[in-house]
Amino acid sequence: MTPVAELVDKTRQFVTDHVIPVEREVVGGGRVTDDALRLDLQKKAKEAGVFGPLSDPAYGGLGLDTRAQAQVLEAAGASLLGPLAVNAWAPDDGNIHLLAAVANPEQRQRYLAPLASGEVRSAIAMTEPAPGAGSDPRMLATVAEETDTGWVINGRKHFTTGAQGAAFTICVATTTDGPTMFLVDQDNPGLQVGRRMRTLDHTSAPGGHCEVEFTDCEVPESAILGAVGRGLELAQVRLAPSRLVFCMNWLGLAVRAQQLTAEHITGRYSFGVPIAEHGIAQGLIADNEIDIAASRSLIRATAATIDEHGATSSQARHEASITKTFVSEAVWRVLDRAVQLHGGLGVCEDHLVARFLVEARAFRIYEGPSEVLRGSIARRVLRGPR
Numbered sequence: 000m001t002p003v004a005e006l007v008d009k010t011r012q013f014v015t016d017h018v019i020p021v022e023r024e025v026v027g028g029g030r031v032t033d034d035a036l037r038l039d040l041q042k043k044a045k046e047a048g049v050f051g052p053l054s055d056p057a058y059g060g061l062g063l064d065t066r067a068q069a070q071v072l073e074a075a076g077a078s079l080l081g082p083l084a085v086n087a088w089a090p091d092d093g094n095i096h097l098l099a100a101v102a103n104p105e106q107r108q109r110y111l112a113p114l115a116s117g118e119v120r121s122a123i124a125m126t127e128p129a130p131g132a133g134s135d136p137r138m139l140a141t142v143a144e145e146t147d148t149g150w151v152i153n154g155r156k157h158f159t160t161g162a163q164g165a166a167f168t169i170c171v172a173t174t175t176d177g178p179t180m181f182l183v184d185q186d187n188p189g190l191q192v193g194r195r196m197r198t199l200d201h202t203s204a205p206g207g208h209c210e211v212e213f214t215d216c217e218v219p220e221s222a223i224l225g226a227v228g229r230g231l232e233l234a235q236v237r238l239a240p241s242r243l244v245f246c247m248n249w250l251g252l253a254v255r256a257q258q259l260t261a262e263h264i265t266g267r268y269s270f271g272v273p274i275a276e277h278g279i280a281q282g283l284i285a286d287n288e289i290d291i292a293a294s295r296s297l298i299r300a301t302a303a304t305i306d307e308h309g310a311t312s313s314q315a316r317h318e319a320s321i322t323k324t325f326v327s328e329a330v331w332r333v334l335d336r337a338v339q340l341h342g343g344l345g346v347c348e349d350h351l352v353a354r355f356l357v358e359a360r361a362f363r364i365y366e367g368p369s370e371v372l373r374g375s376i377a378r379r380v381l382r383g384p385r
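Its first residue numbered 0, the sequence shown is counted upward by one per residue in numbering that gives the first Met the number 0.
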């Protein structure tokens, strides 16, 4: 057995032994996914040797390439809390990749090291209320103005994932030279976390999705991440890997839903025979398996492209857009069929597939709505080969 295969087995066993029992407490018992729960699960992940598939060994991570991550995170994704337990959940997954790629040594020590090791959480503030930036980053309304001592940021954000309890936020604001990323400590008096927005997905995200306001928020020159005016360019550094990590994680949940469904319909009788013997049920199971196999193939092919050509290459971005669009919709189909095959129990959270379906709905919007990604895919095709 290869080292990656052994790690996949260890991750699968860790999720079975330590994560799924807690998941049932969260989904069915009303327990909140907070930092105490996160830290407890991550401590157990470290003890099991499965923590940090996205992090460098210097920060206690596993140092995996993207192809290995695809296999390990599918195993972790078998639970809604699995990716969180191994420190591979949004927005920290993308922020770890971004900071590792563009932060200077001082910023790596101050922000990346505690984030990658699981000591803290982070947030990224990009999306804004109308008429600010949503799917179109060119509509960015938050402004950063240069001063004698640094910068002052003013603007409003929302859907800032993980903002409650984060140690720092990466704020994207426009300057005279263009959009720029700033590292803002959460105790900065100019940063105020407001309402935690009530969203469909609430089981697996400590800190929620929040409204955040920057009011005369003063930051030093050292807060600039990368360079002034390169914010949108740097956003591309985290985009393809983050989209792919989403796909890896959610594929794992689809695989588990398929397994739960197969077990259910094998033991549940209808019209004198197990539901599994009805042809229409077999058709739904087959369609699930096709969607799972196709998703896995796309994820692994895109992972190979990122490893071989880099996350910001045109080919990697194109393939990540295709993969994220297909997998987000395929996972939804798998979970919807799982609910249907569970019958009345499918809409009852006792059997988890209902919660899986609700949690997964946002996957088709986060990190790029399917409609926006289809436009990007089509434009690249229509431009012709380069």
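Take these hints with a grain of salt, some might be off.
[Unchecked claim] List of simulated lysine-lysine pairs, DSBU-like, C-alpha gap at most 30 Å:
hint : residue 1 : residue 2
1    : Lys45     : Lys9
2    : Lys9      : Lys42
3    : Lys9      : Lys43
What the hints contain is simulated information worked out from the structure, not anything from laboratory work. Keep in mind that this is a model prediction, so the values were computed, not measured.
Taking the hints in turn, this is what the structure says about them:
Note on Lys45 and Lys9: the hinted pairing holds, with a Cα-Cα distance of about 12 Å set against a maximum of 30 Å. Our distance criterion of 30 Å between C-alpha atoms is met by Lys9 and Lys42, whose separation comes to about 15 Å. The straight-line distance between the Cα atoms of Lys9 and Lys43 is roughly 12 Å, inside the 30 Å bound, and the hint therefore holds.
Checked against the numbered hints given earlier, this structure breaks none of them.
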